[in-house]
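Take the sequences, apply the hints, and build the full model.
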Amino acid sequence: MFTGIVEELGEITGVEPQGDSVELAVRGPLVTQDAVHGASIAVNGVCLTVVDVKGEVFTADVIKETLGKSSLGALEPGSKVNLERPLRLSDRLGGHLVQGHVDGVGTIISREPGERWDVVTVSLPHDLARYIVDKGSITVDGISLTVVEAGADRFSVALIPTTLALTTLGHKTPGDPVNLEVDVVAKYVERMLGDRS
Numbered sequence: 001m002f003t004g005i006v007e008e009l010g011e012i013t014g015v016e017p018q019g020d021s022v023e024l025a026v027r028g029p030l031v032t033q034d035a036v037h038g039a040s041i042a043v044n045g046v047c048l049t050v051v052d053v054k055g056e057v058f059t060a061d062v063i064k065e066t067l068g069k070s071s072l073g074a075l076e077p078g079s080k081v082n083l084e085r086p087l088r089l090s091d092r093l094g095g096h097l098v099q100g101h102v103d104g105v106g107t108i109i110s111r112e113p114g115e116r117w118d119v120v121t122v123s124l125p126h127d128l129a130r131y132i133v134d135k136g137s138i139t140v141d142g143i144s145l146t147v148v149e150a151g152a153d154r155f156s157v158a159l160i161p162t163t164l165a166l167t168t169l170g171h172k173t174p175g176d177p178v179n180l181e182v183d184v185v186a187k188y189v190e191r192m193l194g195d196r197s
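Numbering follows the UniProt record's numbering, in which position 189 of the sequence shown is assigned residue number 189; successive positions increment by one, without gaps.
FYI, nobody ran anything at the bench for these hints, they're computed from the structure.
Some hints could be false.
Stated by the list, open to error - Below, simulated BS3-like cross-link-like pairs (lysine-lysine); rule was C-alpha separation at most 25 Å, straight line: (1) K80 - K54; (2) K187 - K69; (3) K64 - K80; (4) K80 - K187; (5) K187 - K135; (6) K80 - K69; (7) K172 - K80; (8) K135 - K172.
Given below as C-alpha cells:
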C-alpha cells in the first residue's frame with residue numbers, strides 16, 4: 001500500500017527484454033537505501049517487486065500484463081519516473097490509499113499554466129469515469145492528486161509548484177501517456193451496493 005506522495009524522481013538506466021517481459025533497471029538513491037530482494041517500490045504508480053539492488057540501482061521484472069495495462073512499456077533509458085516505497089503502518093497518510101494497481105492509461109490533453117501552478121487535463125477511459133468526482137482523489141503516474149473537474153471522458157487536476165518540480169508531471173506534455181488508479185474506496189462502495197440500475 002502506498003500514499004501517492006512521491007519520494008523521489010528516479011531514472012530508468014536499463015530496459016532488458018526477457019521474452020514477453022522486460023527487466024527494468026531504475027536509479028533511485030533514496031528508495032534503494034533500505035530496498036532488498038522482494039521489496040515493493042511503486043514506479044510511476046505501478047507496484048513492482050525488487051529483484052536485485054546494486055548501489056543506487058534496483059531491478060524489477062515487468063510482465064506482459066503490466067506492460068499492456070500501464071505506460072511502463074514506453075519507458076527507455078533516460079526516462080524519468082516517480083518512485084515511492086510502501087507505507088509503514090506508523091507513517092502519516094499524506095495522500096490517499098494507493099494500491100499500485102493501475103486501472104488504465106490516460107493521455108494528457110492540455111496544460112494551462114497559471115501564475116505558480118498548472119491545470120492539467122487528462123483523458124479518462126470510459127469505464128473509469130464513474131469513480132471520479134470533483135474534489136475526489138485520483139492517482140496519476142503514482143501521484144495522489146485532487147480532481148478539480150470530472151467529466152465523462154476527462155478530468156483536470158491542479159499541480160502546485162512542488163508537484164511540478166519533483167515529479168514527472170512537471171515535464172509531461174500533451175500526448176504523453178499517464179498511469180491512472182482510481183480511489184479503491186469508490187470501487188468497494190460500488191461492489192457493496194451492487195447494480196442498482
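A quick look at each hint next to the structure:
1. With a C-alpha separation of about 19 Å, the suggested pair K80 and K54 falls inside the 25 Å cut-off, and the hint holds.
2. A distance of roughly 18 Å separates the Cα atoms of K187 and K69; the hinted pair therefore holds under the 25 Å criterion.
3. Between K64 and K80 the alpha-carbon distance is near 21 Å, which keeps this suggested pair within the 25 Å criterion.
4. Note on K80 and K187: the hinted pairing is violated, with a Cα-Cα distance of about 30 Å set against a maximum of 25 Å.
5. About 17 Å separates the Cα atoms of K187 and K135, which keeps this hinted pair within 25 Å; it holds.
6. The suggested pairing of K80 with K69 holds, with an alpha-carbon distance near 19 Å, which does not exceed 25 Å.
7. Annotation: proposed proximity of K172 to K80 holds, straight-line Cα distance about 10 Å (limit 25 Å).
8. Of the supplied pair hints, the one linking K135 and K172 holds, its CA atoms being roughly 23 Å apart against a limit of 25 Å.
The structure fails to meet hint 4 from the earlier list, while all remaining hints are met.
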